[in-house]
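Engineer: First to last, the protein sequences are chains E and U.
Residues in the first sequence are numbered from 2 upward in steps of one, following our numbering.
Residues in the second sequence are numbered from 2 upward in steps of one, following our numbering.
Because the hints were derived from the structure by calculation, they are not lab data.
A few of these clues could be false.
A pair counts as met if it fits within one copy or between any two copies, since identical chains are not told apart.
Derived DSS-like pairs (lysine-lysine); straight-line CA-CA distance at most 30 Å [claimed, not checked]: (1) K119 with K320; (2) K346 with K235; (3) K56 with K103; (4) K346 with K208; (5) K235 with K278; (6) K208 with K103; (7) K172 with K235; (8) K172 with K342; (9) K342 with K176; (10) K172 with K143; (11) K143 with K12; (12) K204 with K346; (13) K322 with K265.
Spelled out, the chains give:
2 protein chains.
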Amino acid sequence: MKQTSIFTAMKFENDLILRAARGESIERYPVWLMRQAGRILPEYRAVRSKLSGFKELVETPERAAEVTVQPVDLLGVDAAIIFSDILVVPEAMGLTYEMIEKKGPWFNQTISCEEELKFAQTDFDIEDRLGYVMEAIKLTNKELGGRVPLIGFAGAPWTIFCYMTEGEGSKTFSKARKILYTNPTLAHELLNRITEVTIQYLKAQIKAGAHMVQVFDSWAGILGDVQYAEFGLKYINKITEAINEVPVTLFAKGAYNSVRDLAKMNCNTIGVDWNMKIDDIRNVVGDTRTLQGNLDPCVLYSSHKEVEMLTNNMLDSFKSKRHIVNLGHGVYPDVDPDKVKTFIKTVKNYEIQY
Amino acid sequence: MKQTSIFTAMKFENDLILRAARGESIERYPVWLMRQAGRILPEYRAVRSKLSGFKELVETPERAAEVTVQPVDLLGVDAAIIFSDILVVPEAMGLTYEMIEKKGPWFNQTISCEEELKFAQTDFDIEDRLGYVMEAIKLTNKELGGRVPLIGFAGAPWTIFCYMTEGEGSKTFSKARKILYTNPTLAHELLNRITEVTIQYLKAQIKAGAHMVQVFDSWAGILGDVQYAEFGLKYINKITEAINEVPVTLFAKGAYNSVRDLAKMNCNTIGVDWNMKIDDIRNVVGDTRTLQGNLDPCVLYSSHKEVEMLTNNMLDSFKSKRHIVNLGHGVYPDVDPDKVKTFIKTVKNYEIQY
């Protein structure tokens, strides 16, 4: 509890992102990148190469904290995001995953019937099974020393459901979506369980020192709006209703028909991918929420001059001080970190006109 | 030339789909399924099991024709679609592909620089390299004997570009999209070449006996609307301008911001995926185009009763006689063909109220 109280009371050297999330006055736009703590940085690869793999890094608080702080030191971003994975939640619930190089996550066991709900436990102590994340959060804040806020995160219940039922990535997630039609009772039971654990998990992250949290619904876009309301939004809403301690960001990738409903929730910020038209999104979201995004990650492959130009164009398109700058998706691992620096520098030099 | 003239002059027993495409009077909605000639049918699997693999089936006109006709006989669909693959075009241009079981297409060689444009040839005779498709079309029409029209197809240039540069399926197609920023000149040169060959290919299919054609832009949804206009729509438009012989269907999956522009093209029908809201789409498309779609393929996993109910709901949502019924994407291979029959029966029993 010691770290928590220290950092709750502490003033940040740079709290731009918290002010932007709350719609308060900002002198410039805050900027960070999804997957900023990761393979783009040679310094990350150096830490990773000494370990057995991705999971050991996630589960070793000292190393997770180290790579979480790296982009703050090396890139100058306005927030850190704890290095972890959304799949630690299904693992804590009883489904172990492997992260296979160049392929992605893989679960040996999945959930397809009531009997298998024994692999979706809720009656455990979050600290017992995911204590390493909370420990990493505490260590990160110690190392950050209040320079910038630290973002905690979790997958949205629908996306976690996708992995727990499909067992791996998929273009269609047809096994996951099949259950919505063949056994909606099972689907709701599993989604409820994931939601319950996710709320506990986010609260534990906040208690450990996360200053804001983001909920990632990576597979929102594979459902039509009616199904997404029933199996996606309903559970995100339960999470946002439960989290009042810190600003909440919702990023439902591809859910262009559901942005209006997301924006009605108890959240501060809505993430937008690079395919969304900002004018349209602002129109349905209104001015009471901050938007986060949305440079195409591929822009960072272009020349420094073009990165600067396209970043400025993106910034122009938002036309509001309620903007946290980011990419429209995670940064790609083979991007030159110098291009990321140009992106960040361009944002920092941009003059807010609103 | 003999077959062509016979079938051009011939009357169809059932030409519902052609009338629906042209916006003419129809007594009931026509229905077919993307991937109807495929693994859902045991009769297809029986043919396939006697051959070395998918590509041998594609390249053997007698067998391709046989599986093309199967769903007309077995499911009672209102159109046949020639059994083939969009990747025969890059192969004809110089990039051989393999179809790897449970993984998808894989190209040993890709195009990433001007030098490699030698693998994107245009100066060849379509009949020389893709004659097997035209032969399959002729054989199919012989076997159909005018029962229903036959649909020809090709991938849209942007989707073919994705495979020729990325070399395999991808969640992000970041290698393909990188080129749009780093070497737009190369991108346009390659897209122009693909477009040129695609027009020749579609014209050859029509000459051989395709009564309508569909252009599939499977990866439209990974570009923002500005880039999709430059690298996607521009080339689709060249194709539609060149094809005046038969009705044209455009299916740009996920391109929700570009439907308005697609609908302005020289086409009859716009495909809609299951995530698109029909009211919104009809609103931007207007009443001068037919919409094709859009049942969620996963509905076919539910009970017969629910398939019927959800199909009727989908039909209700279109509120227009300008509708060709289909799924919102290809039928999934593990669907029970009896559920497909229920879907088709429900469509055939539905009373048009417009």
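Engineer: Taking the hints in turn, state whether each one holds.
Structural biologist: Evaluated hints:
no. : hint           : verdict
1   : K119 with K320 : neither (49 Å within a copy, 45 Å between copies)
2   : K346 with K235 : neither (39 Å within a copy, 34 Å between copies)
3   : K56 with K103  : both (15 Å within a copy, 26 Å between copies)
4   : K346 with K208 : neither (33 Å within a copy, 57 Å between copies)
5   : K235 with K278 : both (25 Å within a copy, 20 Å between copies)
6   : K208 with K103 : neither (35 Å within a copy, 44 Å between copies)
7   : K172 with K235 : both (24 Å within a copy, 27 Å between copies)
8   : K172 with K342 : between (32 Å within a copy, 26 Å between copies)
9   : K342 with K176 : between (41 Å within a copy, 21 Å between copies)
10  : K172 with K143 : neither (40 Å within a copy, 37 Å between copies)
11  : K143 with K12  : within (14 Å within a copy, 80 Å between copies)
12  : K204 with K346 : neither (34 Å within a copy, 51 Å between copies)
13  : K322 with K265 : within (19 Å within a copy, 36 Å between copies)
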